[in-house]
Amino acid sequence: MPDWRNVVSDHLAALALEPHERAEVIEELAAHLDETFVDLRRRGFTEEHAAKRCLSEVRDWPDLRRKIQSARRKDDPMTNRVKQLWLPGLLTFVLSMGFLALAQIFGPKPWILTWGHPPIALFYIPWLFALPFVGALGAYLSHRAGGSRRVVLSSIVFPILPFVAATLVILPGSLLFDHFIAHNPAPMAILLALLGWVFGPGVALLVGGLPAQLFLSRRLTSGRTASN
Amino acid sequence: MIGPGVKRGTAELAILSVLEGASLHGYEIARRIEQQTRGKLRFTLASLYPLLYRMENQGWVRGAWQLSAHGRRRRCYRLTSAGKKKLSPLRQEWSELFRALRRLTKVANA
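Residue numbers (this note's numbering), protein chains in the order written: chain D, 1 to 228; chain R, 1 to 110.
Same shape as in the complex, but just chain D:
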């Protein structure tokens, strides 16, 4: 018979609950699988088929983990969302803006990419080098608060979201309503603005954030496996 406790604890290693609560959940779910297995065997299933049927009780373990976390926690989902996304996101945004201001005031001149006469993209190299740490911090804070993979990813790229809004909404909007902006170079200007303020910083944030997320989830998994 499979060791259901190991199966469950491997899959729910990242369950963000108090240790005694997590242990209780793992024991309860393992007992359920155990009962299911014994019952199926009693009804004539082979050991292999019974194990397969038991494993099919859960198709998406990360989804089950999130649902259990949300159901067991006393606080409401809004509080979770604040801890997992808004706080890490706002903190990394403020840090990112602080580093940008420092790079603009004290750093070397930005690297300028030109395309045609007016459209240019500015790259503040020291700022871009600081962003991987900001991305890693966003990943750490969101992961620690029990954020799902998607929420952690959103926290990593949060500092560029205002630039996305500015480039894709405000700039085209001002082109429509402001007659003093030259319309001819507009598409190239938007493209270069995206390159300098969204794609470049976004890649820099992900360079730090994604490995941090991977490292944190692996560390948690190996820690839980070792403790069992």
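It should be emphasised that the hints constitute simulated quantities derived from the structure, not laboratory data. A portion of the hints provided could be inaccurate.
[Unchecked claim] What the simulated footprint calls covered on chain R by chain D, stretch by stretch (three residues with Cβ under 8 Å from a Cβ of chain D suffice, anywhere in the stretch; the number is not a length):
hint: 1; segment: 37-46
hint: 2; segment: 78-86
[To be verified] What follows is a set of in silico ranges between Cβ atoms, one per label pair, in the way DEER data are often shown:
hint: 3; chain 1: D; residue 1: Asp-10; chain 2: R; residue 2: Leu-67; range: 23 to 31 Å
hint: 4; chain 1: R; residue 1: Gly-71; chain 2: D; residue 2: Trp-86; range: 30 to 38 Å
hint: 5; chain 1: R; residue 1: Asn-57; chain 2: D; residue 2: Asp-63; range: 17 to 25 Å
hint: 6; chain 1: D; residue 1: Arg-81; chain 2: R; residue 2: Ser-95; range: 31 to 39 Å
hint: 7; chain 1: D; residue 1: Trp-86; chain 2: R; residue 2: Lys-84; range: 34 to 42 Å
hint: 8; chain 1: D; residue 1: Met-1; chain 2: R; residue 2: Gln-35; range: 22 to 30 Å
hint: 9; chain 1: R; residue 1: His-70; chain 2: D; residue 2: Gly-44; range: 18 to 26 Å
hint: 10; chain 1: D; residue 1: Arg-41; chain 2: R; residue 2: Gly-71; range: 16 to 24 Å
hint: 11; chain 1: D; residue 1: Glu-18; chain 2: R; residue 2: Thr-37; range: 29 to 37 Å
hint: 12; chain 1: R; residue 1: Thr-44; chain 2: D; residue 2: Ala-165; range: 40 to 48 Å
hint: 13; chain 1: D; residue 1: Arg-218; chain 2: R; residue 2: Arg-72; range: 30 to 38 Å
Glycine residues also receive a C-beta, built at the ideal position from the N, C-alpha and C atoms.
On the provided structure of chain D, position chain R as indicated by the hints.
Showing chain R alone in chain D's frame:
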């Protein structure tokens, strides 16, 4: 077969109803619901426990560890007084809904 949307809505009623008669552990809850609905409602581990934990958080059911005859530790759930209070209006709502649907389908068939 009943679709997943309706199942979600009836899940709380089903759990509260089977716990009305006895204190049961998770697997027994799932089995009783499956047997009593002749397989129309079936809970998997993934669908049952998040709901049970949410209902426990709301104070409708309470879980406590017990030792089975075979010496296994199992968490048994029983209905609380808040759960009993919840069950009666929930039954009323669902029976009204089903009556309304029956009337509707009769009119549609007429």
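Cross-check of the supplied hints:
Chain D is given as covering the segment 37-46 of chain R, and this holds because 3 residues of the stretch bring a CB closer than 8 Å to a CB of that chain, at least three being needed. Remark: the segment 78-86 of chain R is not confirmed as covered by chain D, as 0 of its residues place a Cβ nearer than 8 Å to a Cβ of that chain, below the required three. Judged by the Cβ atoms, the range 23 to 31 Å given for D/Asp-10 and R/Leu-67 holds: they are separated by roughly 26 Å. For the pair R/Gly-71 and D/Trp-86, the supplied restraint of 30 to 38 Å is violated, since their beta-carbon distance comes to about 48 Å.
Between R/Asn-57 and D/Asp-63, the C-beta spacing of about 19 Å keeps the proposed range 17 to 25 Å intact. At roughly 37 Å, the beta carbons of D/Arg-81 and R/Ser-95 sit within the given window of 31 to 39 Å. Under the hint 34 to 42 Å, the C-beta atoms of D/Trp-86 and R/Lys-84, about 39 Å apart, fit the expected range. About 24 Å separates the C-beta atoms of D/Met-1 and R/Gln-35, a value consistent with the hinted range of 22 to 30 Å.
In this structure the supplied range 18 to 26 Å holds for R/His-70 paired with D/Gly-44, their Cβ-Cβ distance being about 21 Å. Take D/Arg-41 and R/Gly-71: their Cβ atoms lie about 19 Å apart, and the range 16 to 24 Å holds. Separated by about 36 Å at the C-beta atoms, D/Glu-18 and R/Thr-37 satisfy the suggested range of 29 to 37 Å. Checked against the hint of 40 to 48 Å, the pair R/Thr-44 and D/Ala-165 passes, with Cβ atoms roughly 41 Å apart.
A beta carbon spacing of about 33 Å between D/Arg-218 and R/Arg-72 agrees with the range 30 to 38 Å that was offered as a hint.
Hints 2 and 4 from the earlier list are contradicted by this structure; the remaining hints agree with it.
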